[in-house]
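Student: Based on these hints, arrange chain B on the given structure of chain A.
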Amino acid sequence: MSGSGDNKVTGTTKTPADFLKSIRGRPVVVKLNSGVDYRGILACLDGYMNIAMEQTEEYVNGQLKNKYGDAFIRGNNVLYISTVNRPLADGA
Amino acid sequence: MATNNPSQLLPSELIDRCIGSRIWVIMKGDKELVGVLKGFDVYVNMVLEDVTEYEITAEGRRVTKLDQILLNGNNIAILVPGGAPEDAE
Chain A
1 MSGSGDNKVT GTTKTPADFL KSIRGRPVVV KLNSGVDYRG ILACLDGYMN
51 IAMEQTEEYV NGQLKNKYGD AFIRGNNVLY ISTVNRPLAD GA
Chain B
1 MATNNPSQLL PSELIDRCIG SRIWVIMKGD KELVGVLKGF DVYVNMVLED
51 VTEYEITAEG RRVTKLDQIL LNGNNIAILV PGGAPEDAE
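Those protein sequences? They're chains A and B, same order as listed. Oh and the first sequence: position 49 is 49 in the UniProt record's numbering, straight run, nothing missing. Oh and the second sequence: position 41 is 41 in the UniProt record's numbering, straight run, nothing missing.
Derived by calculation from the structure, the hints in this document are not laboratory data. For clarity, every value in this text was computed on a predicted model and none was experimentally measured. Mixed in with the good hints there might be a few duds.
Said to hold, decoys possible - 30 angstroms max Cα-Cα, derived BS3-like pairs, lysine-lysine:
# : chain 1 : residue 1 : chain 2 : residue 2
1 : B       : Lys-31    : A       : Lys-67
2 : B       : Lys-28    : A       : Lys-65
3 : B       : Lys-28    : A       : Lys-21
4 : A       : Lys-21    : B       : Lys-31
5 : A       : Lys-21    : A       : Lys-67
6 : B       : Lys-31    : A       : Lys-65
Only chain A is shown next, with the shape it has when bound in the complex (with noise of 0.2 angstroms):
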């Protein structure tokens, strides 16, 4: 993937830009700075990490709030996006 100098990883290095080519259509979990949650499947983004939803449910506080058929988010107010493979798990 990438060669630099010194290289303690083989080939799964991954840099936020590899990140957002491989999660277009998946679905994800995009946290605000607010904390409020939307969880849908992703349909594009960019490098300023704004966003495009569909199929959009909007969380506050773990709990569902708004279902939205598309959603768009500014990037300067995400936190973090995640994909979800599993169904997630609150506390242990």
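Tutor: Quick look at chain B alone, frame taken from chain A:
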């Protein structure tokens, strides 16, 4: 050990050495994350895997996310290689 300058370790070098291992990310607010560092960029946006998210107010371990996350570097305050002390899986 380092190049010509006597023991100069750049911050980005330190983070780079952490790729592949666990790292503890402390944000500006009452939030911390622990996960395996997969990569980062010049803005210290980070790709983390197998992440546990901690809310440091009401003593609550919040969400454990699998797969990968892209963490916005905007709110990152401190990075600690090696993970958090009570990081028990």
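Student: CA of A:Lys-21 to CA of A:Lys-67, is that 30 angstroms or under?
Tutor: Holds, at roughly 26 angstroms.
Student: Between A:Lys-21 and B:Lys-31, does the CA-CA distance stay at or below 30 angstroms?
Tutor: OK: A:Lys-21 and B:Lys-31 at ~27 angstroms, within 30 angstroms.
Student: Quickly compare the C-alpha distance for B:Lys-31 and A:Lys-67 to 30 angstroms and report which way the hint goes.
Tutor: With Cα atoms ~26 angstroms apart, B:Lys-31 and A:Lys-67 stay inside 30 angstroms; holds.
Student: Just to be careful, I want the Cα atoms of B:Lys-28 and A:Lys-21 compared with a cutoff of 30 angstroms; is the pair within it?
Tutor: 28 angstroms, holds
Student: So if I understand the rule, the pair passes when the alpha-carbon distance is 30 angstroms or less; does B:Lys-31 with A:Lys-65 pass?
Tutor: Distance of about 23 angstroms is within 30 angstroms: holds.
Student: Sort out whether A:Lys-65 lies within 30 angstroms of B:Lys-28, counting only the CA atoms.
Tutor: 27 angstroms, holds
Taken one by one, the earlier hints all hold for this structure without exception.
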